[in-house]
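Protein chains in written order, with the numbering used here: chain X, 896 to 1432; chain G, 83 to 357; chain P, 3 to 317.
Since the hints were derived computationally from the structure, they do not count as laboratory data. This one's a predicted model, so the numbers in the text were calculated from it and none came from an experiment. Beta carbons: idealized from backbone N, C-alpha and C, even for Gly. Keep in mind that the hints are not guaranteed to be accurate.
[Said to hold, decoys possible] One side of the interface only, derived from the structure: several residues of chain P facing chain X at Cβ under 7 Å:
| id | residue |
| --- | --- |
| 1 | R54 |
| 2 | S55 |
| 3 | F214 |
| 4 | A220 |
| 5 | K221 |
| 6 | G222 |
| 7 | T228 |
| 8 | H232 |
| 9 | N236 |
| 10 | D310 |
| 11 | P311 |
| 12 | R312 |
[Claimed, not checked] Okay, derived cross-link-like pairs now, EDC-like style, lysine to aspartate or glutamate, Cα gap no bigger than 16 Å in a straight line:
| id | chain 1 | residue 1 | chain 2 | residue 2 |
| --- | --- | --- | --- | --- |
| 13 | P | K174 | P | D95 |
| 14 | X | K1128 | X | E925 |
| 15 | X | K997 | P | D310 |
| 16 | G | K255 | X | E1227 |
| 17 | G | K255 | X | E1243 |
| 18 | X | K954 | X | D968 |
| 19 | X | K1384 | X | D1194 |
| 20 | X | K997 | P | E212 |
| 21 | X | K997 | P | D213 |
| 22 | X | K903 | X | E1243 |
| 23 | P | K9 | G | D116 |
| 24 | P | K9 | G | E263 |
[Claimed, not checked] Chain G stretches covered by chain X per the calculated footprint, using a threshold of three residues with CB under 8 Å from any CB of chain X:
| id | stretch |
| --- | --- |
| 25 | 247-260 |
| 26 | 264-273 |
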Amino acid sequence: MSVLSVEKLSLEVPGKPILSNVSFDVGAGETVAITGETGSGKSMTALAIMRLLPNAVRKTGGSIALAGRCLEDLSEREMCKVRGGRVGMVFQEPMTALNPVKTIGDQVAEAVRIHSGASRTEALNRAREVLNRVGLDETQFPLGRYPHQLSGGQRQRVVIALAIAERPALLIADEPTTALDVTTQAQILELLKGLVDEFGMGLLIVTHDLAVVAEISDKLVVLRSGEVVESGKTGDVLRYQRHPYTRALLEASAHQAHLPEWQASDTEVPLLSVDAVTCAYPVPKTSLFARRDHFTAVDRVTFEIQSGERVGLVGESGCGKSTLTRAILGLEPIQSGSIKIDGQPPHEVRGRVQVVFQDPYGSFNPRHRVSRLITEPFHLLKDPPKGDDRAARISEALTAVGLEPNVADRFIHEFSGGQRQRLAIARALILKPELIVLDEAVSALDVSVRAKILDLLADLSAKYHLAYLFISHDLSVVRSITDRVLVMKSGQIVEAGVTDQVLAEPNHPYTRTLLEAAPVLPDFSSIQEVSNDTKPV
Amino acid sequence: MNRSRLNWSLLIGALLVSIFAVAAVISLFWTPYDVTGMNISARLKVPGDGYFLGTDHFGRDLLSMIMAGAQTSIAVAVIAVGIGMGLGVPLGLAAAGSRGWLDEVIMRGNDLAFAFPALVIAILITAVFGASAVNAIIAIGIFNIPVFARLTRGAALSLWSREFILAARVAGKGAARISVEHILPNIANLLIVQGTIQFSLGILAEAGLSYVGLGAQPPTPSWGRMLADSQTLVGLAPHLALVPGLAIILTVLGLNLLGDGLRDLLDPKLRMVRR
Amino acid sequence: MISYLTKRLASLFASLLVASIVIFTVIEVIPGDPAAYMLGMNARADTIAALRSELGLDGGVLERYLAWVGGMLVGDFGTSYTYRTPVADMIADRLWISLPLALYALCLTIVIAIPTGVFAASRRGQAGDYGIVGATQIGVAIPNFWFAMILILIFAIQLRWFSAGGFPGWEKGFWLSVKALTLPAIALALPQAAILTRVMRSSLIEVLGEDFMRTARAKGLTSWQTILHHGLRNALIPVLTIIGLQFAFLLAGGIIIEQVFALPGLGRLVFQSISQRDLIVVESVVMLLVFAVIMTNFLVDLAYAVVDPRLRVAR
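Pulled out of the complex, with its shape left as it was, chain X reads as follows:
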């Protein structure tokens, strides 16, 4: 008998369906993944099982059974025993998932106490055991630690600890690694796999990342707009790609933009030269009389970008890449070294370098129209274009990024995330800059949208002989879109070279770690025709 059995589950917010007729099973010791893009209803499925849906969402049909027992029949009191007892849950955002004013020991022990009625001491002992099991050993992580003293990955381990403290039959993990760096992600996935094996529990993992799906799951459910498109053994679904949507998702995930050959120009002066740049922040003093310490975010970084060259900058969170970006844009003071754009300091040649940010929702003033938003860089011109000339520039920029010129009169909230990123590129392009800095510009987008934006960048670089610095935490994105790549760790560039070479034969151990940690989609293209059940090697 399966641990969890979801039968024709349907949900709606009044008037709008969220899930329709979703069915799947999770067996003991089995890992099932639910995948889909934003708005596919995958997280709602997880919350519906826990009976923790937001107030506006109603269940309109179907049933959810845990080990044969229908969860709808339980009273709220009985359901509380199920939550955290029979079913544990892990959430996406480890930074906010823990109560900031309670110690980690108390939070894990609480999960033990409410289910087993153990004494405080017993519960704390049990909490200690569980925290040890999830990799937070007692010398470094005593029970009295508060969440703000831990990193994101460590907090996620605490969340996992309190979810498994009572050895549940089923663990639900909703995008458990999305907010984490690749190396941490690999460790957390490893931990989850180990727990499934050790406890023989079922694991239901919700993720948008097909590479994670391929790495961890036995069975796969593909959702689109609340409907199951396809489900089955993970290997089969990914290999045969029977449904066009599954195929589209896979193609977008593995998408390689066609980057035109870089034409090195014969100029002597590099477009961007970053020479031994150091940026440091003052750290708050630990006592009134202590010397003020500094945290070095960027440590003697040196590199160049030639005209028309496309360079990737890869590193994990906190490595200093954002600080470096802001320094190149002239928004951050540097302590030593120099940044020159065509031989001049950044703030003197602002128009020649433009930027696209990560968050498609926060990048625009919600009160201005598109025409005003994308012409903001005109402020840099002594004699900004007016009237017809201005309109022509606007429509040129909009057309270049694949939007209709007539969207110029709209407000930003009328656009989707992908369209907003196009508008951000239009704003960056409008001054015809020579260098664009793309700061995690595709990280917040769904795979299919991301693929299109990457294609657009490849096109634009050829059309305008545009150089760009593409900053990302994700090596696989950089692969297809850059000529050269820089790998950054703790403020320093540890490896630099031609992208294909670095990815194929990394020199620095850190680059190797990054590459090994990143889950990759198995390459099914060559074995698609083979129709036996053996897993691809």
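Got chain X; can you put chains G and P on it based on the hints?
This is chains G and P only, laid out in the frame that chain X set:
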């Protein structure tokens, strides 16, 4: 959210506020009786009986006094909120835009100003300059400055870290220009809502100051002083206390409802855009 | 923690220093010659000079300021010009009414507001919530001195449960005095309780939407356990700020309420002093009130550190 509730707050609030605003404006030209005219033969009349809201112990018409008192209340509160916004908002914008030492100076000054409640400022001013409506305005106005400065700084700081502000900086815009062009329009809603709240607090404060004799002096009509005058007679003629009290409550209630209604009206849109 | 404390202490002393300079400047520097101001326009020059030396007002501004501050540090607040008695004694007598009144009102405010706010937040969008929100809407609109008059009208004049005003003195019996302070405390507390209820409600509603509340539910806590064990402590952080501000407001607002109930507290003293132009008394009372406000803010900052462990590390 609940659309009908939203409209009710706004509707009732706007209605109450406009009743008193209109009464104040009319009283500039006309009141049913002379505001200061005493009529000993018509003392302490109950509401109705020829006088809509009755008369006081000098035979003065309460309705006329309420209408004229609305003038004082509204004028004091409006000017005091004006002082608070006019100085507090630029200070808050400057603090958020500059960070560094200027921010530190403004915020320390702000903390200090919070240590002086409006009543204490009024006591200080009155002790040296004597009581008057102008001093009440200054006291309440000074009290409003740190309120608006802190609110503006907090909201502006959260906007300064947003990417559209970074984009404006990349476009070469300076802190002052960004504050006016990007920050101010995006915190205007917040300021309007806080403005109505401070307006209502101003009316309460004016009434309190006038009640203890630190505000408007005779013959300037004032709700607070009407209450002070009624105190010894409250057992004999409760309407003397009820009428000005209800005027204050209804005005303040109206302003608060208006503020709530405006927040509901303006905020969800803003939130939707911000996600 | 140590650095947090030293920082707060430094800012406490800085605030007190600047506040004392401001008050001193307004009272003793702006009027020109305080002695002349106190005696009025028709005073003769030698009378003014005599008063000046009697009150210790001759000498330079800096000298006088230092003498004033130095005196306060050892409990000498100067001599009242009208009563010719030490100001410190006068204030001490009155403080025994004003301070208990403010504390009494603060206790009432907290006892009423916190449970009501928590209840309203837990019933968000339901009838009970609407009822409480509506009541607080009216509560914040009521001027406390008017409410005091209505309380007198009902409970003293009509029902005769309480006296309409006056204070027997603590030596006449504790409960008698508490009874005399009850109506004033209620008049002060209810409008403030309305404000605090609203703050408590909205703060808790915000916390209810946090991710860690969902984690707590997923652990198996009931919704009430989640609110009490995880929500309340986090929601209290903004509530503490308001409680701090309210104590200042209650102390200052008490001055007005004392007028309504004819209580011989600081309010009486300060209004008499204003009408008698007794600047030295006004100066001292104002400094005392401001001191109380600044101290309250300091204590609230300390309370933050207890409630929120994130503040205990240096930021």
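Hint check:
Restraint check, P:R54 versus chain X: the minimum CB separation of about 43 Å is more than 7 Å; hint violated. Taken as an interface hint, P:S55 does not check out: its beta carbon lies about 44 Å from the nearest beta carbon of chain X, beyond 7 Å. Taken as an interface hint, P:F214 checks out: its beta carbon lies about 5 Å from the nearest beta carbon of chain X, inside 7 Å. Interface restraint check for P:A220: the shortest CB-CB distance to chain X comes to about 4 Å, inside 7 Å, so the restraint holds.
Interface hint status for P:K221: upheld, as the beta-carbon distance to the closest one in chain X is roughly 4 Å, under 7 Å. Residue-level restraint check for P:G222 holds (minimum Cβ-Cβ distance to chain X is 3 Å; threshold 7 Å). The interface hint given for P:T228 is broken, as the beta carbon of that residue sits about 10 Å from the closest beta carbon of chain X, more than 7 Å. This hint holds: P:H232 has a C-beta 5 Å from the nearest C-beta of chain X, less than the 7 Å allowed.
Interface hint status for P:N236: upheld, as the beta-carbon distance to the closest one in chain X is roughly 6 Å, under 7 Å. Hint status for P:D310: holds, given a least beta-carbon distance of 6 Å to chain X, under 7 Å. The closest approach between the C-beta of P:P311 and any C-beta of chain X is roughly 5 Å, which is under the 7 Å cut-off, so the hint is satisfied. A least Cβ separation of about 5 Å between P:R312 and chain X falls short of the 7 Å threshold, and the interface hint therefore holds.
Straight-line distance between C-alpha atoms of P:K174 and P:D95 comes to about 15 Å, which keeps the hinted pair within the 16 Å bound. Between the alpha carbons of X:K1128 and X:E925 the distance comes to roughly 11 Å, so the proposed pair stays at or under 16 Å and holds. About 9 Å separates the Cα atoms of X:K997 and P:D310, which keeps this hinted pair within 16 Å; it holds. Only pairs whose Cα atoms come within 16 Å are accepted, and G:K255 paired with X:E1227 is accepted, the gap being roughly 15 Å.
Distance check on the hinted pair: G:K255 and X:E1243 sit about 13 Å apart at the alpha-carbon level, within 16 Å; holds. Among the hinted pairs, X:K954 with X:D968 is consistent with the structure: their alpha-carbon atoms are about 14 Å apart, no more than 16 Å. The suggested pairing of X:K1384 with X:D1194 holds, with an alpha-carbon distance near 10 Å, which does not exceed 16 Å. Only pairs whose Cα atoms come within 16 Å are accepted, and X:K997 paired with P:E212 is accepted, the gap being roughly 15 Å.
Distance restraint check for X:K997 and P:D213: the Cα-Cα separation of roughly 14 Å lies within the 16 Å cut-off, and the hinted pair is therefore satisfied. Among the hinted pairs, X:K903 with X:E1243 is inconsistent with the structure: their alpha-carbon atoms are about 62 Å apart, more than 16 Å. Restraint check: the Cα-Cα separation between P:K9 and G:D116 comes to about 60 Å, which exceeds 16 Å; the hinted pair is violated. For the hint pairing P:K9 with G:E263, the CA-to-CA distance comes to about 36 Å; that exceeds 16 Å, so the pair is violated.
Given a C-beta distance limit of less than 8 Å, the hint that chain X covers the stretch 247-260 of chain G holds, as 8 residues qualify and 3 suffice. Judged by the Cβ-Cβ criterion of 8 Å, the stretch 264-273 of chain G is covered by chain X as claimed, because 3 of its residues qualify and three suffice.
The structure does not agree with the numbered hints 1, 2, 7, 22, 23 and 24 stated previously, though it agrees with the rest.
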